[in-house]
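Q: As a plain string of letters, each chain reads:
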Amino acid sequence: MMIKFRVESLEFRGFCLAAVMLFSTLCFAQADFDAANTAYAEGRYDEAVLGYEALLAQAPSATVYYNLGNAYYKQGELAQAILNYERALRLEPNNKDAQYNLEFAKSRITDNIVEQDFFLSSWARAIRNSLREQTWIILSISLFVLALAGLLLFLLGRAPWLRKTAFHTAWITLLFCIIAGLNAGSLHRRDTLRNEAIITQGVVNAKSSPDRSGTDLFTIHEGTKVEIRETLGEWCNIRVGNNEGWIRLQNMERI
Amino acid sequence: MRYKFLVLLTFLGMALTGFADDVVFKAQAPKQVILGRPFQVTFTVNQRSRDLRAPEFTDFDVLSGPYTSTSSSTSFVNGKRTSVFEQTYTYMLMAQKVGTFTIAPATVRVNGEEVQSNGVRIQVLPEDEQPNSGSKGNQGNGRQNSGSTGSTNSSSAQDGASSENLFVRTIATKTHVHEQEALLVTYKLYFASVDVAQLTNNTKLPEFTGFLKQELEQGEIQTEMEHYNGRNYQTAVLYRTILYPQHSGEIKIEPAKFEAVLRVQTRSQSRSIFDDFFGTYTNVTKMITAPGVTVKVDALPSGKPAGFSGGVGKFTLTPSISQTDIQTNDAVTIKLDISGSGNMKLLKTPAIDWPEGFEPYDPKVTNNFSTTTSGVSGTKSIEYLAIARNAGDYTIPAVTFSYYDIEEQSYKTLTTPEYTIHVKRSAGDKGDTNGDGTNGVVVYNQKEDIKLLGTDIRYIETKGERIKVKSPDFIEYGSWTFWLCYLIPLVIAILLLIILRKQIKENADINRVRYKRANKVAQKRLKAAAAALKANDKNRFYEEIERAAWTYLSDRLSIPTADLNKENITTLLRQKGVSEERIKEMMDVLSTAEFARYAPATDHAMDDLYTATTNLINNLEKEKI
Chain Z
94 MMIKFRVESL
104 EFRGFCLAAV
114 MLFSTLCFAQ
124 ADFDAANTAY
134 AEGRYDEAVL
144 GYEALLAQAP
154 SATVYYNLGN
164 AYYKQGELAQ
174 AILNYERALR
184 LEPNNKDAQY
194 NLEFAKSRIT
204 DNIVEQDFFL
214 SSWARAIRNS
224 LREQTWIILS
234 ISLFVLALAG
244 LLLFLLGRAP
254 WLRKTAFHTA
264 WITLLFCIIA
274 GLNAGSLHRR
284 DTLRNEAIIT
294 QGVVNAKSSP
304 DRSGTDLFTI
314 HEGTKVEIRE
324 TLGEWCNIRV
334 GNNEGWIRLQ
344 NMERI
Chain B
29 MRYKFLVLLT
39 FLGMALTGFA
49 DDVVFKAQAP
59 KQVILGRPFQ
69 VTFTVNQRSR
79 DLRAPEFTDF
89 DVLSGPYTST
99 SSSTSFVNGK
109 RTSVFEQTYT
119 YMLMAQKVGT
129 FTIAPATVRV
139 NGEEVQSNGV
149 RIQVLPEDEQ
159 PNSGSKGNQG
169 NGRQNSGSTG
179 STNSSSAQDG
189 ASSENLFVRT
199 IATKTHVHEQ
209 EALLVTYKLY
219 FASVDVAQLT
229 NNTKLPEFTG
239 FLKQELEQGE
249 IQTEMEHYNG
259 RNYQTAVLYR
269 TILYPQHSGE
279 IKIEPAKFEA
289 VLRVQTRSQS
299 RSIFDDFFGT
309 YTNVTKMITA
319 PGVTVKVDAL
329 PSGKPAGFSG
339 GVGKFTLTPS
349 ISQTDIQTND
359 AVTIKLDISG
369 SGNMKLLKTP
379 AIDWPEGFEP
389 YDPKVTNNFS
399 TTTSGVSGTK
409 SIEYLAIARN
419 AGDYTIPAVT
429 FSYYDIEEQS
439 YKTLTTPEYT
449 IHVKRSAGDK
459 GDTNGDGTNG
469 VVVYNQKEDI
479 KLLGTDIRYI
489 ETKGERIKVK
499 SPDFIEYGSW
509 TFWLCYLIPL
519 VIAILLLIIL
529 RKQIKENADI
539 NRVRYKRANK
549 VAQKRLKAAA
559 AALKANDKNR
569 FYEEIERAAW
579 TYLSDRLSIP
589 TADLNKENIT
599 TLLRQKGVSE
609 ERIKEMMDVL
619 STAEFARYAP
629 ATDHAMDDLY
639 TATTNLINNL
649 EKEKI
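Here the protein sequences come in this chain order: Z and B. Each number in the numbering used here comes from the position in the first sequence (counting from 1) with 93 added on. Each number in the numbering used here comes from the position in the second sequence (counting from 1) with 28 added on.
It cannot be assumed that every hint is accurate.
[What the hints assert, rightly or not] Computed from the model, here is a short list of chain B residues facing chain Z with C-beta under 8 Å: (1) Ile488; (2) Tyr505; (3) Gly506; (4) Ser507; (5) Cys513; (6) Tyr514.
To be clear, the hints were calculated from the coordinates, so they are not data collected in a lab. Yeah, the Cβ is synthetic: ideal placement off N, Cα and C, and Gly gets one too.
Construct the complete structure from the given sequences, taking the supplied hints into account.
A: Quick look at the structure:
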């Protein structure tokens, strides 16, 4: 009994310590955040950018990414603005302000990329991007549990109507569970491979081969989002719209 | 009284006319003289005078003078007498040294009063070095390119118009300027020892491409003496223009061509003495080419302010507003006067960002420019008129006007103050105040959609509680925790299935035993009931009968006795396909047993019930429910 009590006390102290530490970092961050916001409000956008960058170096946050994007936008750096809005949306896919400003910034870039995907796949991507990976995982597990419960009810139930309902519930929830799981996997791959990038160079010519002497295939401009398919040294095979070509990694930044 | 006043006025008028005919005492001298050559200075007075007191001619030698001469003329034109009188004092002077000198005013006494003349400035030019030296005159040095006559054909020897005697210089005040900085280009004719009768209209000026051109008014051509390249020339300005370079880089001004008519003495073959004496003159036209000039133009420095619209020079901005307290449907005028010198013609009209609720009109621009040798200067007045349509307090934002200051080599920004205009609702403008509509006037309340004035990104998130840092992933995709989250429920489900299945099976077994034993148990109860009937133990009998029925049904239908009631028995029996007749019998037995326990009953009834129950159970047994 005595031993147990001591263990609990130790855990409690550890918890307190962690809470205090978290609180202090948050306070510190809060002051910096306010300072950067003031700089932004007074039009000192370069200072605001530095402030937000410093905050992001401590911990990634959708809000700070969003504000950083704004500060870059005000300085006319569209590519950096788009990049940071995208990053904010990675953390908070339903942040309406970030969505709006991303669309706004995108409307000002040079390239007009028309995705020529089948409409279902663009829908699927939109659905996938509407939630975070963690949310999808939790959703998938919950649906799995629900499906199992339905299956048990189907196997053990006696009333015919109950068994019928349970059976249909089970297979439908199982289907959604699999979809959620696939979405989570897709997002996980996207975030670990980081195979989407924003062009940061004003004008880039995509080459036919990973080589300076390669033929210029097409030109893309600052702010355009590309998909990295393959990396070879400093060269990346990118896909944008229906075009594929090689450009150097230094001309873009991964989201 | 009025008459007197008129007379007074008449006399005053006469006195004024007499005054206008006042003494004029003028000194005249050539503007330029050559060292060592005599020249005349004259003092002219238009009334009889005496006691001329000439100034000290300190820098000049007085060769002779003063000679006094008078002249008078009287003329009648249309019965009106005009008389002109002139008295002239003439001095012959000679300059002692090169430079610019002033001859101080002289005084003279007219009708007992002392009158002063004007002073005269005289420029003394050096003597010609070596007249007609030929070899050196025509070498362009520096930017002052000397001209050259286009044609050096045989006639030039004849008419004496060599390139030293007759040429046009292209004089640019600056050859290294900023973009939009004014420079003056002058074409000046130089001639000596030739007689230029006139210039024809056959002039070919360059295009001045790359410049904005602003010509200077050219009055009558006047000749002046000028010492140039060691010689004294008669000069005449042919053409002057202010140029504003429009782009940076080196801009070339192409050569210009002028045509002059020279009077040349012809020497006939006969060489008679009369020819030599009188001389005969012929007019010879001559093309003169003025050389081109290259102007180096620097681009304006970087760091252009936001309101910069290309103005270069030096400007001031004077804003004014007509009124700040108005009623709806009144006009308000803001006037901006941009004055100064520079590329005035290229100044863009700054725009006023009228607030919503004002109906602005196109600004009215009045230009009052004059072109001088230093550039275009003047005032550009811009009047902005707007009519207030809605009541309220409005702030008209400041208008900024930026320009590049040539003298200080920096950008300057001029700003007007912000004006606050208070607009009251005018009496005639009911607006939406007429809500009750009692006066029968239909007021249409004009609805407006929200007007999008501009688009911008949304503002930053400022609330601190929103800085949520990214929570760490507690289930990482693909990790063993992730799969465990699926595996654990699955295992639990399988275990549950196994356990529940087993239990169900066990239950099923118990039910089967009870089902099989149902008849036996019922018969046992019926025997007990029969015993009770014999013993005439009424309570026990009914209890046994009831129990027999309920237990039998419970075992047969696999339902716990506690869950049984008449309703679910009926439903279950129906489901098992038992006939309505049997169900009714069953219900009768149950009700009879129930009621009889608490009511007095006859032995006969007890016998009947016993038989009925036995028959019922046997029948149900037969029907194999």
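Q: Give a verdict on every hint.
A: Hints, one by one, checked against the model:
1. Ile488: Nearest chain Z Cβ about 4 Å off; hint holds.
2. Tyr505: holds (4 Å)
3. Gly506: holds (7 Å)
4. Ser507: violated (10 Å)
5. Cys513: holds (5 Å)
6. Tyr514: holds (6 Å)
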